[in-house]
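2 protein chains.
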Amino acid sequence: MSDPKAKILSAVKSDLAEIEIELKRNLGAHLEIVNDTASHILFAGGKRLRPLLTVLCARMCGYRGDYDYTLSTVFEYLHAATLLHDDLVDGAPLRRNRPAAHAVWGNSIAVLAGDFLLARALSIGVKTGNLKIMEILAQITEEMSQGEIHQLIRKGDRDLCEVEYLEVIRRKTAVLIQGACRVGGLLARTTAAQDEALGRYGHHLGVAFQMADDLLDYTADADLLGKAVGADLKEGKMTLPLIHALQKAGPSDREGIEEMIGQSEICAEDFRSLTCILKDCGGLEYTRNRAECHVQKAKNALDIFPSSPAKATLEDIADYALSRKV
Amino acid sequence: MSDPKAKILSAVKSDLAEIEIELKRNLGAHLEIVNDTASHILFAGGKRLRPLLTVLCARMCGYRGDYDYTLSTVFEYLHAATLLHDDLVDGAPLRRNRPAAHAVWGNSIAVLAGDFLLARALSIGVKTGNLKIMEILAQITEEMSQGEIHQLIRKGDRDLCEVEYLEVIRRKTAVLIQGACRVGGLLARTTAAQDEALGRYGHHLGVAFQMADDLLDYTADADLLGKAVGADLKEGKMTLPLIHALQKAGPSDREGIEEMIGQSEICAEDFRSLTCILKDCGGLEYTRNRAECHVQKAKNALDIFPSSPAKATLEDIADYALSRKV
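Residue numbers (the numbering used here), protein chains in the order written: chain A, 27 to 352; chain F, 27 to 352.
One or more hints might be untrue.
When chains are identical, the list treats them as one kind, so a pair holds in a single copy or across two.
[Unchecked claim] Lysine-lysine pairs mimicking DSSO-like chemistry, simulated, CA-CA at most 30 Å apart: (1) Lys181 <-> Lys50; (2) Lys305 <-> Lys337; (3) Lys33 <-> Lys274; (4) Lys337 <-> Lys181; (5) Lys158 <-> Lys31; (6) Lys325 <-> Lys260; (7) Lys50 <-> Lys158; (8) Lys260 <-> Lys158; (9) Lys337 <-> Lys153; (10) Lys323 <-> Lys153.
Keep in mind the hints are simulated off the structure, nothing from the lab.
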């Protein structure tokens with residue numbers, strides 16, 4: 027099988043089915059509207075990347091218990107909670123080709139349902155009886171909220187540099203993916219060295235995923251993506267393709283780019299010419315190269331683990347981070 | 027000293043000073059705007075009831091360590107986090123005579139700063155190394171989010187009964203106050219019986235506080251309250267004074283009440299005549315009686331603890347729940 031996505035999906039088919047069951051089973055809201063809102067975001071065709079990482083890391087580290095699927099849902103719930111709040115913060119009308127939750131139920135329910143999902147995640151985490159895991163969950167929520175705020179207050183800031191961009195994506199994306207990996211390992215009682223290796227794998231994978239996301243916002247097919255391309259640009263989100271292009275562009279290209287940042291309406295022709303500038307200035311290629319470098323570092327981090335099917339799939343997932351189309 | 031508030035304040039003066047220091051010291055946000063937003067809600071003259079309960083319960087149970095003040099901030103952070111989200115949900119323009127955070131910084135920052143405060147609370151809780159405490163914190167956040175949603179979806183519902191009202195205020199108010207008390211005790215390694223007693227004290231105190239709040243919304247001085255009286259009525263929040271009055275009112279009074287529920291503009295005269303109806307139908311007196319009953323139950327729950335200054339102050343706080351003017 028040469029299609030990396032098909033290869034991964036075939037390797038984790040039964041895991042994905044188990045995760046799906048647990049996601050439904052653990053929701054446990056008392057109110058129908060909470061279940062509806064949470065389900066709207068949870069069961070809209072997400073990749074289940076984060077729970078899958080927990081399950082695979084636990085397995086690679088030799089876990090033989092039966093709490094891995096349950097615990098893995100924590101990371102999908104946390105992810106869904108931040109999506110609920112972020113879509114509201116960004117004013118995003120669509121998520122995976124469907125109206126965003128705040129557009130269906132209003133801001134209030136979206137905020138409170140996000141709070142509920144976060145709380146559910148903690149409740150499931152507590153049941154491990156493992157304080158290290160609770161420490162990671164607390165740290166994740168703290169970093170993520172600050173990463174989102176950091177991104178928000180820097181929107182439209184043409185001077186945002188690559189270092190600050192990296193700090194934002196570490197907080198808003200990488201710490202959660204990193205946590206999903208480490209918690210899987212901790213369930214299997216990893217050594218400090220293994221925990222550190224899983225942390226490195228998760229960090230670099232998370233950074234690569236976010237860079238690929240930021241690339242896709244300029245290069246993807248809108249139908250596949252499930253939302254309009256160019257959304258980051260319209261919102262004034264300064265991502266690496268833009269940051270690098272601004273740095274390399276001559277005065278006239280720079281002016282052309284800057285004019286479009288944060289414009290609520292950008293016609294297709296203007297957007298096409300912008301992506302040409304980003305390409306000419308090396309913004310797309312540079313981002314791809316940086317992401318590739320993080321994919322490689324993620325895979326290298328797994329070197330200390332002996333070969334196993336779970337390890338092979340984790341390596342495939344790292345490759346997939348960059349090859350994916352959505 | 028006959029003024030119960032002055033008596034309590036004199037007994038806890040140095041505790042309040044320590045709590046204030048810890049609230050500033052533990053905030054630890056990386057971004058200035060997060061500190062500003064959190065501080066706006068945290069340092070606006072709150073009563074510090076929840077941290078005080080943690081400190082007093084720990085002391086009454088014989089705690090001799092030095093983590094009580096730090097841990098007590100968890101409950102003020104959680105409280106502030108829900109206020110940030112709730113003011114947004116309610117569209118409340120004012121909080122303690124100042125513009126609400128969402129009105130100053132916008133909905134996005136209010137949502138994310140609330141998320142940050144919740145996360146900070148968890149991080150501080152984890153440092154106790156006590157899983158029971160983390161279990162309580164997870165449960166609190168889960169119940170509170172559902173209580174808020176429950177209240178939200180029942181807004182304006184004339185058929186909301188007392189049982190459902192009690193369930194809403196248990197979730198949205200009492201579980202946090204109960205948690206603040208129990209966690210204080212757990213820090214001092216309470217027995218199961220003591221933990222249960224503190225849980226009962228906190229539950230009944232929380233219910234009494236919320237009933238008193240709901241009364242004040244009809245009877246308080248707006249300047250003292252720091253927000254407009256009648257806010258609950260305008261928002262369509264069905265609280266006990268209203269619920270009981272609707273149940274007891276004759277057809278014409280009932281119609282008069284129902285007409286005003288959820289009206290965004292209510293003139294002073296109409297509001298005065300409504301409070302007269304609530305009074306005539308016994309809504310105010312009934313609520314006061316129910317609150318008194320919960321105050322008594324709260325105090326009774328402390329019977330198993332030997333006399334001490336901390337216990338006496340906890341009893342005074344229960345009395346104060348109902349005697350307060352704001």
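### Query
Which of the numbered hints are not met once you compare them with the structure shown?
2, 3, 4, 5, 6, 8, 10
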